[in-house]
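Participant: Sequence:
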Amino acid sequence: MLGQLKRSKSRIVRFTAELGGYQLARLLTKRQPRILMYHRFSDTPKHGFVDLVTLRQQLSILKRDFNVVSLGQLVQSLNGGAPLPEHAIVLTVDDGYDDFYQYAYPEFKALGIPVSFFVTTGFVDGKTWLWPDMLTDLLKNIDIETAHWPQHTPQKITKNIAQTKDRKSTRKILNSYLMPLNLSTKLAWLREAADLNAYHIAASAPDNYAPVSWDGLREMAESGIVDIGAHTVMHPTLSGELPSRALEEINQSKARLEVELGACVPHFCYPNGQPEDFNNETIKMVKASEFGCAVSAHCEYVTLHDLYALPRFAATTNPFHFKKIVYGVQWLSRRISQHRYFKQLKAI
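Numbering (UniProt numbering), first residue to last: 1 to 348.
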């Protein structure tokens, strides 16, 4: 019964969209601002990246049918300032990769579309590269079927890897295992795994994981198009760190950016950003560090009480899924599923 309901819901969504429902959904959700989240960009299609053709198509849709506002405008509105225009969308980009500066920034600048860019300062300083990238790079360069793993790795994890023998699945398993651990434990595990498999993890990011430069950040900040935000120093899972260490990551990233950019940095982004990756104590630290807001990475629509856990949608390259998010079809779909009648049917 539940499976039939889910299929029916999916058909309703697609049917609505195909019959001009995008514009109807846009009208019905005109006062529901959405925040989109990007990560990586490329000049040609590549898995895990938004290529230039796709980005231009998405920006064209946003420019035509929506009002793209800055994160600062959204925060001011939520704090009782000037109301947002209808059909408001906020765009954000995480981590601090150079491919944003090389490929995406010129597109945003040409169209005059504001965007927030959240930067991991230790990454830009060349002190580290992001641990998920280290994991990806490690798995690309070893034989998964014969790989050796650190002795303290839980047996359940190694057993699951042995059963999959697939890089994509192995990465998913190891990412889930490493995510809640503190950063020093993550890095020690990665280095040991590399040593066991005769591979060396570079001290700084290889070219395909390169960070933006400080000169690039200053140029973008001065353009008036890009708002630079803080994303910690080393990209740890804040809920997995000691409170003193988490506070250092938050404070020092803000201070470093403000020194280099010569301007206040009012916005923060939680690394990873799922509900389990930060907690009430983390939020108190962000407030105490005088940030005006913080963004997460779970999907929802913005409400006032979310100011320090603003939800965001991943900007997928799939055209149908992208339109579902920006036009509000996904929001309407959720409203349908939350309706009392639908809940009663699911309980049958």
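Honestly, the hints are just simulated from the structure, not real lab data.
C-beta: ideal position from N, C-alpha, C; glycine also.
Check the hints yourself; a few may be wrong.
[What the hints assert, rightly or not] Calculated pairs, DSS-like style, for lysine-lysine (alpha carbon to alpha carbon, straight line, at most 25 Å):
(1) K30 - K63
(2) K159 - K140
(3) K46 - K284
(4) K30 - K287
(5) K323 - K287
(6) K127 - K109
(7) K46 - K30
(8) K172 - K156
(9) K46 - K159
(10) K63 - K156
(11) K172 - K46
(12) K140 - K109
(13) K323 - K63
(14) K63 - K109
(15) K156 - K140
(16) K165 - K46
(17) K159 - K172
(18) K140 - K172
(19) K156 - K46
(20) K109 - K287
[As the list claims (entries may be wrong)] Derived Cβ-Cβ restraints for the label pairs, each shown as a range:
(21) K159 - D125: 35 to 45 Å
(22) H200 - R167: 40 to 50 Å
(23) N67 - H148: 25 to 35 Å
(24) T303 - T44: 11 to 21 Å
(25) P319 - D166: 38 to 48 Å
(26) R167 - A314: 13 to 23 Å
(27) E222 - N67: 40 to 50 Å
(28) S223 - H148: 47 to 57 Å
(29) A188 - R218: 44 to 54 Å
(30) A188 - K165: 54 to 64 Å
(31) K287 - T146: 23 to 33 Å
Participant: Now, for every hint given, state plainly whether the structure supports it.
Facilitator: Hint by hint, here is what the structure shows:
1. K30 - K63: 15 Å, holds
2. K159 - K140: 20 Å, holds
3. K46 - K284: Distance ~39 Å between K46 and K284 Cα, so the pair is violated.
4. K30 - K287: 30 Å, violated
5. K323 - K287: Violated - the C-alpha atoms of K287 and K323 are around 34 Å apart, more than 25 Å.
6. K127 - K109: With Cα atoms ~29 Å apart, K127 and K109 exceed 25 Å; violated.
7. K46 - K30: 33 Å, violated
8. K172 - K156: Distance of about 14 Å is within 25 Å: holds.
9. K46 - K159: Roughly 31 Å separates the two Cα atoms, so the pair is violated.
10. K63 - K156: 49 Å, violated
11. K172 - K46: Answer holds: K172 to K46 is near 19 Å, not above 25 Å.
12. K140 - K109: 35 Å, violated
13. K323 - K63: 13 Å, holds
14. K63 - K109: Holds, because 13 Å separates the two Cα atoms, which is no more than 25 Å.
15. K156 - K140: This hinted pair holds, its Cα atoms lying about 22 Å apart.
16. K165 - K46: Given pair K165, K46 holds - Cα atoms ~23 Å apart, limit 25 Å.
17. K159 - K172: Status holds; Cα separation ~14 Å.
18. K140 - K172: 13 Å, holds
19. K156 - K46: 32 Å, violated
20. K109 - K287: Outside the cut-off at roughly 31 Å; violated.
21. K159 - D125: 35 to 45 Å: 39 Å, holds
22. H200 - R167: 40 to 50 Å: This hint is violated: roughly 19 Å between Cβ atoms.
23. N67 - H148: 25 to 35 Å: At roughly 54 Å between Cβ atoms, H148 and N67 fall outside 25 to 35 Å, so the hint is violated.
24. T303 - T44: 11 to 21 Å: 39 Å, violated
25. P319 - D166: 38 to 48 Å: With Cβ atoms ~28 Å apart, the hint is violated.
26. R167 - A314: 13 to 23 Å: 22 Å, holds
27. E222 - N67: 40 to 50 Å: 24 Å, violated
28. S223 - H148: 47 to 57 Å: 48 Å, holds
29. A188 - R218: 44 to 54 Å: 35 Å, violated
30. A188 - K165: 54 to 64 Å: Cβ of A188 to Cβ of K165: about 25 Å, so the range 54 to 64 Å is violated.
31. K287 - T146: 23 to 33 Å: With a Cβ separation near 49 Å, K287 and T146 fall outside 23 to 33 Å, so the hint is violated.
Figure legend: structure checked against the earlier numbered hints; hints not met, in rising order: 3, 4, 5, 6, 7, 9, 10, 12, 19, 20, 22, 23, 24, 25, 27, 29, 30, 31.
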